[in-house]
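Number of protein chains: 2
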Amino acid sequence: MYTHEDLSALAKFYKKQLLEDTVPFWFPRSYDQEHGGYLLMRDADGELIDTDKAVWIQGRACWLLSTLYNTIEPKKEWLEGAKLGYEFLKNKCFDANGKMYFHVDRAGNPIRMRRYFFSETFAVIAFSAYAKASGDQEAANLARKIFGICLEYANGERKIEPKFENTRPSIGIGVPMIMINTAQQLRETIGDERCDKAIMGWIDTIEKYFVKDDIRCVLEQATPDGQIIDHIDGRTLNPGHAIEGAWFILHEAEYRSQDARLIDLGCRMLDYMWERGWDHEFGGILYFRDIYDKPVQEYWQDMKFWWPQNETIIATLLAYTLTKDEKYANMHKQIHSYAYTNFHDKENGEWFGYLHRDGRVAQTAKGNLFKGPFHLPRQEWYCYQILRNYEKHDKAKSSIYLSSIL
Amino acid sequence: MYTHEDLSALAKFYKKQLLEDTVPFWFPRSYDQEHGGYLLMRDADGELIDTDKAVWIQGRACWLLSTLYNTIEPKKEWLEGAKLGYEFLKNKCFDANGKMYFHVDRAGNPIRMRRYFFSETFAVIAFSAYAKASGDQEAANLARKIFGICLEYANGERKIEPKFENTRPSIGIGVPMIMINTAQQLRETIGDERCDKAIMGWIDTIEKYFVKDDIRCVLEQATPDGQIIDHIDGRTLNPGHAIEGAWFILHEAEYRSQDARLIDLGCRMLDYMWERGWDHEFGGILYFRDIYDKPVQEYWQDMKFWWPQNETIIATLLAYTLTKDEKYANMHKQIHSYAYTNFHDKENGEWFGYLHRDGRVAQTAKGNLFKGPFHLPRQEWYCYQILRNYEKHDKAKSSIYLSSIL
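Protein chains in written order, with our numbering: chain A, -18 to 387; chain B, -18 to 387.
Fair warning: there could be bad hints in the mix.
Treat identical chains as interchangeable: a pair holds within one or across any two.
[Unchecked claim] Each computed BS3-like pair below joins lysine-lysine, with the alpha-carbon atoms no more than 30 angstroms apart: (1) Lys144 to Lys126; (2) Lys275 to Lys73; (3) Lys327 to Lys275; (4) Lys(-3) to Lys373; (5) Lys71 to Lys144.
Bear in mind the hints are in silico, worked out from the structure with no lab data behind them.
I would like the entire structure built from these sequences, with the hints used as guidance.
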């Protein structure tokens, strides 16, 4: 079990790591005062290895700075920094049809458009958090407008160019998952009446089509009626991704006054995918697994990436504070200890992104097209918020209430 | 140096591995007598892990069976097996516009179309080798017709849907490389008068735009005028790929009566990329490197894949037989010893595809969407042909002549 003192020490640890280790690695040096946005593609020691800008990460960094301003301290630097990202995203990252790019150069010239709409979902959380921080009505309007576009994509009214032919239709857990979190962020910053119903719909989708109690598994993709696609790609599980989905659902449970059904669903997802993903030999969450333990198409399937560890640290802590089940305290201790021992760069701060299964660093970049100031600072920030609220409410009424997290 | 006895023993080794270890892993069990084509997605012990068919690999397997028939022994099984692939490719793997799919299911229903034309290049080598084996005129006509389509793609007359916006135009070494080999195979089986000029044009392209003597490097991509693209993706080198290109050029040198300029070019490419790719700590050729030793975007960059080792075994042996330079005998010994020690599956035959940097097996599949009976059997077959011809001609006139290889 975690004692009050343990939890208090954990809260202090996450806050200190966030504000004295992770955030200072990125800022202020990454603010691009010349072109706007952020220069985030950095090696372990902070050296800039590319001036290009990944649109996902620009949005995520703007979200982080706005959220720090909203929840930790109204620092002028963070608000001004958030504005750099907001303006860059708004002015440089949309094509003529209003679709967002995936990758642009330093000045914002387009490098690559991708089919899907994840740049848009990160713009929604960035713009809504920035709107709350700045009071900027245009940002709020844009956040709601882009959320509407995301809803159209997610519901199929707006079409995404298909990657596959029609022979073997499939659905993925990625869209309902990301939409739950996008809607939660929008709701809990500037508010939007579309969010509650939509969130509950996506949670139902996940439970109905992707959570398989009989084989203790959360599918990454399925047939449109929720069956296993028994081919290499269809069998591939992504434990860290499913565990991220689990904590989005646990967050919703907390928001809805500790809804018992949602706590049960989120904990089942966490249990199943911890069983599938935890590496009993070296520790940590493995990247991919096959449903039937057959070979996975992706040859790097047994590497350890930073973000599945971050999502598992959040999920286990939230499961513990919601259930007080000792099992989750033990899981949290295991993943926390593994991750801060193996991923944290004691010399330069922040975490390495890519370890081999046995813990050796495979690649030193702190920032690239897919990694930046998001999963790690979000984990440290969110865990600090969980514990701050838990302590406050535990003292008052042995209960917790997190609706004021954001 | 390699003595006559060494080379003789090597020839026997490659022939034995090919015919008693590699080929028997795949055939006859992979012939799909029900739907045509081959069932190649297999685990280490041969268990079928997916019935889907990767179009590249269907073509490559048809090429292998036809080539064994043409050059090793006119076995009825190999010709009948090649016909299964030829018919499946011809009847099931083209869409209504004549473009080839990347991935189909067992019955040939389409799963995925990709933008580029590599399925077509492998169909050309399959159909031309099968036409030579069978005498089938339709196969010969189809090989020439599809080669014409490949020429149109390669020359830009036929457009490929772009992956990137126009901000930062680039060219890749992949197309000229694969086209050299495709044209060589077509020329040396059923013949085609377009090949000679085209091959020399692509070699000139590689020399002019991708080979950088000042920094001892072969670029994987470049600006349209052959400059380095100093961004993460643009800086990425693929040593095994460049070394494969080196031996295509050395093969052309041999074909052209040991053309000194081409021997020099191929050996420079091999030297540069051995320096970039050889792992001094664990042996073998690393997958990706950065031009300036910065982090590579692909986090699995330090893994060892099977095929770069196969291509390096060929390139070093061919460089040695062409130059008699002891350096290449030593390089060949190193890569041969590393690869057969680490990749060969002594229990079940064939090679593992994916090792961690230190030699541990990362994933056990022998066949999947990208691996099948190609790089390894091609290496064993080609090295056997080099040595067979070398021995024959070395005895006769201390020279070699490989134009009868195919």
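So, going through the hints one by one against the coordinates:
{"no.": "1", "hint": "Lys144 to Lys126", "in the structure": "both (26 angstroms within a copy, 28 angstroms between copies)"}
{"no.": "2", "hint": "Lys275 to Lys73", "in the structure": "between (44 angstroms within a copy, 28 angstroms between copies)"}
{"no.": "3", "hint": "Lys327 to Lys275", "in the structure": "between (37 angstroms within a copy, 20 angstroms between copies)"}
{"no.": "4", "hint": "Lys(-3) to Lys373", "in the structure": "within (19 angstroms within a copy, 74 angstroms between copies)"}
{"no.": "5", "hint": "Lys71 to Lys144", "in the structure": "both (28 angstroms within a copy, 23 angstroms between copies)"}
Against the hints set out earlier in the document, no violation occurs for any number.
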